[in-house]
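There are 4 protein chains.
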Amino acid sequence: MYKKLKEAVCQANIELQRQRLIIYSWGNVSGIDREKGIVAIKPSGVKYDELTPKQIVVLDLDGKVLEGDMNPSSDTPTHLELYRKFKSIGGVTHTHSTYATIWAQACMGIPCFGTTAADYFYGEIPVTDVMDEKAIKKDYELNTGKAIVKRFKGMDPMQMPAVLVANHGPFTWGKDPDSAVESAVVLEQVAMMALGTITINPNPFPISDILLDKHYLRKHGKNAYYGQKKVKGKKNG
Amino acid sequence: MYKKLKEAVCQANIELQRQRLIIYSWGNVSGIDREKGIVAIKPSGVKYDELTPKQIVVLDLDGKVLEGDMNPSSDTPTHLELYRKFKSIGGVTHTHSTYATIWAQACMGIPCFGTTAADYFYGEIPVTDVMDEKAIKKDYELNTGKAIVKRFKGMDPMQMPAVLVANHGPFTWGKDPDSAVESAVVLEQVAMMALGTITINPNPFPISDILLDKHYLRKHGKNAYYGQKKVKGKKNG
Amino acid sequence: MYKKLKEAVCQANIELQRQRLIIYSWGNVSGIDREKGIVAIKPSGVKYDELTPKQIVVLDLDGKVLEGDMNPSSDTPTHLELYRKFKSIGGVTHTHSTYATIWAQACMGIPCFGTTAADYFYGEIPVTDVMDEKAIKKDYELNTGKAIVKRFKGMDPMQMPAVLVANHGPFTWGKDPDSAVESAVVLEQVAMMALGTITINPNPFPISDILLDKHYLRKHGKNAYYGQKKVKGKKNG
Amino acid sequence: MYKKLKEAVCQANIELQRQRLIIYSWGNVSGIDREKGIVAIKPSGVKYDELTPKQIVVLDLDGKVLEGDMNPSSDTPTHLELYRKFKSIGGVTHTHSTYATIWAQACMGIPCFGTTAADYFYGEIPVTDVMDEKAIKKDYELNTGKAIVKRFKGMDPMQMPAVLVANHGPFTWGKDPDSAVESAVVLEQVAMMALGTITINPNPFPISDILLDKHYLRKHGKNAYYGQKKVKGKKNG
Numbered sequence: 001m002y003k004k005l006k007e008a009v010c011q012a013n014i015e016l017q018r019q020r021l022i023i024y025s026w027g028n029v030s031g032i033d034r035e036k037g038i039v040a041i042k043p044s045g046v047k048y049d050e051l052t053p054k055q056i057v058v059l060d061l062d063g064k065v066l067e068g069d070m071n072p073s074s075d076t077p078t079h080l081e082l083y084r085k086f087k088s089i090g091g092v093t094h095t096h097s098t099y100a101t102i103w104a105q106a107c108m109g110i111p112c113f114g115t116t117a118a119d120y121f122y123g124e125i126p127v128t129d130v131m132d133e134k135a136i137k138k139d140y141e142l143n144t145g146k147a148i149v150k151r152f153k154g155m156d157p158m159q160m161p162a163v164l165v166a167n168h169g170p171f172t173w174g175k176d177p178d179s180a181v182e183s184a185v186v187l188e189q190v191a192m193m194a195l196g197t198i199t200i201n202p203n204p205f206p207i208s209d210i211l212l213d214k215h216y217l218r219k220h221g222k223n224a225y226y227g228q229k230k231v232k233g234k235k236n237g
Numbered sequence: 001m002y003k004k005l006k007e008a009v010c011q012a013n014i015e016l017q018r019q020r021l022i023i024y025s026w027g028n029v030s031g032i033d034r035e036k037g038i039v040a041i042k043p044s045g046v047k048y049d050e051l052t053p054k055q056i057v058v059l060d061l062d063g064k065v066l067e068g069d070m071n072p073s074s075d076t077p078t079h080l081e082l083y084r085k086f087k088s089i090g091g092v093t094h095t096h097s098t099y100a101t102i103w104a105q106a107c108m109g110i111p112c113f114g115t116t117a118a119d120y121f122y123g124e125i126p127v128t129d130v131m132d133e134k135a136i137k138k139d140y141e142l143n144t145g146k147a148i149v150k151r152f153k154g155m156d157p158m159q160m161p162a163v164l165v166a167n168h169g170p171f172t173w174g175k176d177p178d179s180a181v182e183s184a185v186v187l188e189q190v191a192m193m194a195l196g197t198i199t200i201n202p203n204p205f206p207i208s209d210i211l212l213d214k215h216y217l218r219k220h221g222k223n224a225y226y227g228q229k230k231v232k233g234k235k236n237g
Numbered sequence: 001m002y003k004k005l006k007e008a009v010c011q012a013n014i015e016l017q018r019q020r021l022i023i024y025s026w027g028n029v030s031g032i033d034r035e036k037g038i039v040a041i042k043p044s045g046v047k048y049d050e051l052t053p054k055q056i057v058v059l060d061l062d063g064k065v066l067e068g069d070m071n072p073s074s075d076t077p078t079h080l081e082l083y084r085k086f087k088s089i090g091g092v093t094h095t096h097s098t099y100a101t102i103w104a105q106a107c108m109g110i111p112c113f114g115t116t117a118a119d120y121f122y123g124e125i126p127v128t129d130v131m132d133e134k135a136i137k138k139d140y141e142l143n144t145g146k147a148i149v150k151r152f153k154g155m156d157p158m159q160m161p162a163v164l165v166a167n168h169g170p171f172t173w174g175k176d177p178d179s180a181v182e183s184a185v186v187l188e189q190v191a192m193m194a195l196g197t198i199t200i201n202p203n204p205f206p207i208s209d210i211l212l213d214k215h216y217l218r219k220h221g222k223n224a225y226y227g228q229k230k231v232k233g234k235k236n237g
Numbered sequence: 001m002y003k004k005l006k007e008a009v010c011q012a013n014i015e016l017q018r019q020r021l022i023i024y025s026w027g028n029v030s031g032i033d034r035e036k037g038i039v040a041i042k043p044s045g046v047k048y049d050e051l052t053p054k055q056i057v058v059l060d061l062d063g064k065v066l067e068g069d070m071n072p073s074s075d076t077p078t079h080l081e082l083y084r085k086f087k088s089i090g091g092v093t094h095t096h097s098t099y100a101t102i103w104a105q106a107c108m109g110i111p112c113f114g115t116t117a118a119d120y121f122y123g124e125i126p127v128t129d130v131m132d133e134k135a136i137k138k139d140y141e142l143n144t145g146k147a148i149v150k151r152f153k154g155m156d157p158m159q160m161p162a163v164l165v166a167n168h169g170p171f172t173w174g175k176d177p178d179s180a181v182e183s184a185v186v187l188e189q190v191a192m193m194a195l196g197t198i199t200i201n202p203n204p205f206p207i208s209d210i211l212l213d214k215h216y217l218r219k220h221g222k223n224a225y226y227g228q229k230k231v232k233g234k235k236n237g
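Those protein sequence lines, which keep their order, are chains H, D, P and U. Residue numbering for the first sequence follows my numbering, starting at 1 and increasing by one per position. Residue numbering for the second sequence follows my numbering, starting at 1 and increasing by one per position. Residue numbering for the third sequence follows my numbering, starting at 1 and increasing by one per position. Residue numbering for the fourth sequence follows my numbering, starting at 1 and increasing by one per position.
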C-alpha cells in the first residue's frame, strides 16, 4: 500500500551511506506522504548494507505503526515532531556525519563563510539550546524535536534545511527524502570548510547579506536562474 | 580443535584492516574461549592480506603456545593480562589508528563531547600513566597490560571498552572479537571528532551526566530500547 | 562543427570530478578556440555522471549561444571575461574544492611555502577584493571576472594560473582545458598543505625568491629541464 | 643486463603511487646494485600509470647514463649523492606526500611523539638547513643531497631512514627500493599524527629515550624479537 514511499525512503537511506555520512547504523532518513498523513522511516539499528524496502516502517503522525515488523528508528519521535510543525518539508535525515557533529559538539552554529553555504542555507546554520534534565529524562527524542522547532521560531525551515542539535549531531530536511539527503551532504561539506576557515583566520566574518541574497536567490525562489529550469521545459540534469 | 575461534579471530583481523585502521601489519585482534581457557591471536608481523585461520596462534592464559607454527603477536602478554583481569571481555584489539593514536601521543584522555561517544563509552576514554623505566625495560608488554588494568581500578571494562596507552596507541575490547573491532572503529571516529571539537572551541566541556546516562543506557543494560532486540525475538539487524 | 572542442571540454569536466574536486554539479570547465573565437562550456546544474559532449554549450566571446539546447553554466560571464582579457589562456575551471575554498572564505592569498607550489605558481596565489554591493547586485558573474582581472593587473596569468575569489572559491586556467584542470588539482593540494603549514608554524614565511625562481623556471620557460622535452623529440610522458 | 634492478625499481615506483603518496608525476624511487656500482631511477616527468621497466634509466654513480632513452629524474643528482655517502642504503625515494611536506614547509623536524615513529625512526626526523643562494643557483639537486648528508653528520642513516628538505619535501631510504617506499609510507603516517598531536597539546614532549630504545630495538638490531625472524627460519610474513 505504501510501496512507493517505502522504496523512496529505502533508496534515500542507501544514498546517505553511499555519500559516506554513515558509520554502522548511525543515521536514518524518513519521508512523508502529506495526503495520506503517513511517515515511512528506517528501522532501528539495521545496517545499511542489509536494508530493503520491506523493512521500512510506516507510521501515522502520532507514531502509531501502520505497517512493518520491526522497531522504527529510535529517533522517530524527533522526525514526527518536525513533520507536524514544519508543514512544507517532505523528508528528514539524521546523521552523525563527522564535521557537522564536530560543530554540534562544540555547541556552535556554522556561520555562512562563503557562497557554497549561501547556495543552500540562507544564513548561519543554527544550533539548538543544550537540553535540560527534564527534557532528557522523559520523552527525550520528542523533546529533541521540540528543541529544534523552538530554535526555528520565526524562520522558514525550507530556507534553512539543517540544524545542529547541541552535543549530538545534525538533522536535515527537504521537499522529499532525496532533498533531505542532499542537505545532509552539503551540510557536511560546509561544516568541514568552516572548520578550515576559522583555523586559518581566527577572526572570521560571515559573508555580506547582499552576497548571501545573491547566491541563495539565484538558486531558490521565483527569480532563480541556476540550472536548466527555464529552458524548453527540460528537466534539470 | 580450536578451528571456530581461529576463524573468528582471523575474520576480525581482516575486518580491522577493511575498516582502514591498519597500516602494514600494525595491529592485532585476539579472542578467548573462556570455557577452555584458551586465547587465539594474530601471528607477529604478518600482513593482513595474507592472513589465514591456520596462521592464528593459540595459547593458554599463561602464554604457553598450544597450536601454531608462528610467533604470536609481540603484544600477546598485554592481551593475556587483559583477559586475566577483565573477566567479562571476549575479544581484544590493538591498533595504531590515526586519531586514537594522536590522543595517546598527547597523553590525554578523550572527553565525552557528544552522544556519538556516549552511545558506546560511558564517560571519558582514559589514558594510562606514562610507563616508568623499570616497566619498560623488562616485561614491557606485560607491564603495558598492567598499566591498563591499574587505570581501570573501580571501572567496569564492559562500560568503557577502550583505553589509550600513553605515547603508544589504543587497545579496545568487547564481548567477542567482532565487538572489539567495533569498539576500535567507533573509538577512531570519536577521537577524530573530539580533535575537531577542541579546534573550534578551545574551552570545550563534556556532555552532562544526564545526557550521558540517557544515551549509554538507551543502548546498553536492561532497559535498552535501541535496535530490534525486543521485537518478536528477531536478531538485531 | 565544434565537435573536437566539445569533446575536450566534456572530458576535462569529467576529469575534474574524477580528481574529487566536485560535489554534485558544483563546478565547470570551459575551453576556447582562439581562431574561431568560440568558447565551449558545461551546461548549468548538470551532473558530471550524466555529461555528454552533445550537452556542451558553444558561445561566442560576447555570450551569444551558437550551439546547444541547454543553459550554459551560470558562471559563463566570468569565463568569457577571463578569455577576453587573458589572451594566452585556453581553458578555465571553477570549483568549490575544499581547501582552496577554505582560503577563499578566509579571504587570504596562499603564500608560497614550498617547492610544490613553486613548480606551478610563480608566487603567492592571489585572492580578489571582496565585491561591493553594486558589483554583486547587477552582472554579478561578469563582475566576478572583472574582480579577477583587476587583481591580476601587472601579472602574467600564465605564470599564475589560479585565483581565489573572496568568500567564494577558486578559478584556475591553463593553455587548454586539461591544463586548467591540472591547475585546479595542484591548487587544491597546495591549499591543503599551506593550511597544515600554518597550523604547525603560526609564523610561517614564504620560500625565498631564489628558490621560487629555481623551481618555477626549472619547469617553465625556455631553460626548463624537467621532464622529457629535450630528449630526441619524444613526447613528455 | 640490468633487468632485475629495473623491474624492482619500476615496481617500487608503482607501489609509491598505490600508497597514495603521489600526485601526477611528483616523486621517484631509485635502487642501487652496489656490486656493479650502478643506479636505476625513474625517468623525469613520466606518469606512474604509464611506467614500464624499460623506461627506467640506469646510470653509474657519477651520473653517466648507461642504459635508457629518457631523461632520468631531475632529482637524480640528489639520489647519487646519498648513495655515494650513505654506503649502507640500497634504495631512495622522493615524494611530496602531504603531511611530510607540511613539516618540511614549516622547516621543522618531526619529534618522536609515540611508538609508531619509534618502531621505524630512531629519534626526531631531521630537517635540513634552508639552502643558501649559491647552493640553489648552481648544481641545486646535487647540493640538496649535500645538505642532507651534512645534516646526518654523526648519524647512522639506516637508523633514520628519512629526512625533510626544508621548504621542499621528504627523501626516504632503506636497504632496497621496497624498504625505501615503506619508509615513505610510515613517514607520512607519522607526520600526520604528529600534526594532530601538537594540535591537541600545544606543549608536546617527545617520548623517553628508554621507550624509544625499547621500540626501535625490538624491531631492529641483533636482539629484535618482533615478527617471525627467529621461528624455524621462516620468512617474516
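It should be emphasised that the hints constitute simulated quantities derived from the structure, not laboratory data. Do not take every clue at face value.
[Claimed, not checked] Straight-line Cα separation of at most 27 Å, DSSO-like style, residue types lysine-lysine; simulated pairs: (1) P/214 to U/175; (2) H/85 to D/36; (3) H/64 to H/146; (4) U/64 to U/146; (5) D/134 to U/214; (6) U/137 to U/3; (7) P/222 to U/85; (8) U/47 to D/137; (9) H/47 to D/214; (10) H/222 to P/64; (11) U/150 to P/4; (12) U/4 to P/214; (13) P/214 to H/214; (14) P/47 to H/219.
[Claimed, not checked] DEER-style ranges, computed between Cβ atoms: (15) H/132 to P/19: 58 to 66 Å; (16) D/63 to U/65: 50 to 58 Å; (17) U/158 to D/7: 38 to 46 Å; (18) P/154 to H/175: 33 to 41 Å; (19) D/223 to U/223: 34 to 42 Å.
For each residue, glycine too, the CB sits at the ideal point set by N, CA and C.
How the hints compare with the structure:
For the suggested pair residue 214 of chain P and residue 175 of chain U, the alpha carbons sit about 32 Å apart, so the restraint of at most 27 Å is broken. In summary, the hint linking residue 85 of chain H to residue 36 of chain D is not supported, as the alpha carbons are separated by about 58 Å, beyond the 27 Å threshold. A hinted pair counts as satisfied when its Cα atoms are at most 27 Å apart, and residue 64 of chain H with residue 146 of chain H qualifies at roughly 19 Å. The hinted pair formed by residue 64 of chain U and residue 146 of chain U meets the criterion: a straight-line CA distance of about 19 Å does not exceed 27 Å.
Under the criterion of a C-alpha separation no larger than 27 Å, the hint pairing residue 134 of chain D with residue 214 of chain U is consistent with the structure, at around 11 Å. About 36 Å separates the Cα atoms of residue 137 of chain U and residue 3 of chain U, which puts this hinted pair outside 27 Å; it is violated. A distance of roughly 34 Å separates the Cα atoms of residue 222 of chain P and residue 85 of chain U; the hinted pair therefore is violated under the 27 Å criterion. Taking the CA atoms of residue 47 of chain U and residue 137 of chain D, the gap is about 48 Å. The hint is violated against a cut of 27 Å.
A C-alpha spacing of about 23 Å is found between residue 47 of chain H and residue 214 of chain D, which places the hinted pair at or below 27 Å, so the restraint holds. Distance hint between residue 222 of chain H and residue 64 of chain P is fulfilled; the C-alpha atoms sit about 25 Å from each other, no more than 27 Å. Note on residue 150 of chain U and residue 4 of chain P: the hinted pairing is violated, with a Cα-Cα distance of about 54 Å set against a maximum of 27 Å. Proximity of residue 4 of chain U to residue 214 of chain P is assessed by CA-CA distance (about 35 Å); at most 27 Å being required, the pair is judged violated.
Restraint check: the Cα-Cα separation between residue 214 of chain P and residue 214 of chain H comes to about 43 Å, which exceeds 27 Å; the hinted pair is violated. A C-alpha spacing of about 16 Å is found between residue 47 of chain P and residue 219 of chain H, which places the hinted pair at or below 27 Å, so the restraint holds. The hinted range of 58 to 66 Å is not satisfied by residue 132 of chain H and residue 19 of chain P, whose Cβ atoms lie roughly 48 Å apart. Distance hint for residue 63 of chain D and residue 65 of chain U: a CB-CB separation of about 57 Å, consistent with the stated range 50 to 58 Å.
For the hinted restraint 38 to 46 Å between residue 158 of chain U and residue 7 of chain D, the CB-CB distance of approximately 40 Å keeps it satisfied. Taken as a hint, the range 33 to 41 Å is violated for the pair residue 154 of chain P and residue 175 of chain H, whose Cβ atoms sit roughly 49 Å apart. Between residue 223 of chain D and residue 223 of chain U the CB atoms are about 54 Å apart, so this pair departs from the stated range of 34 to 42 Å.
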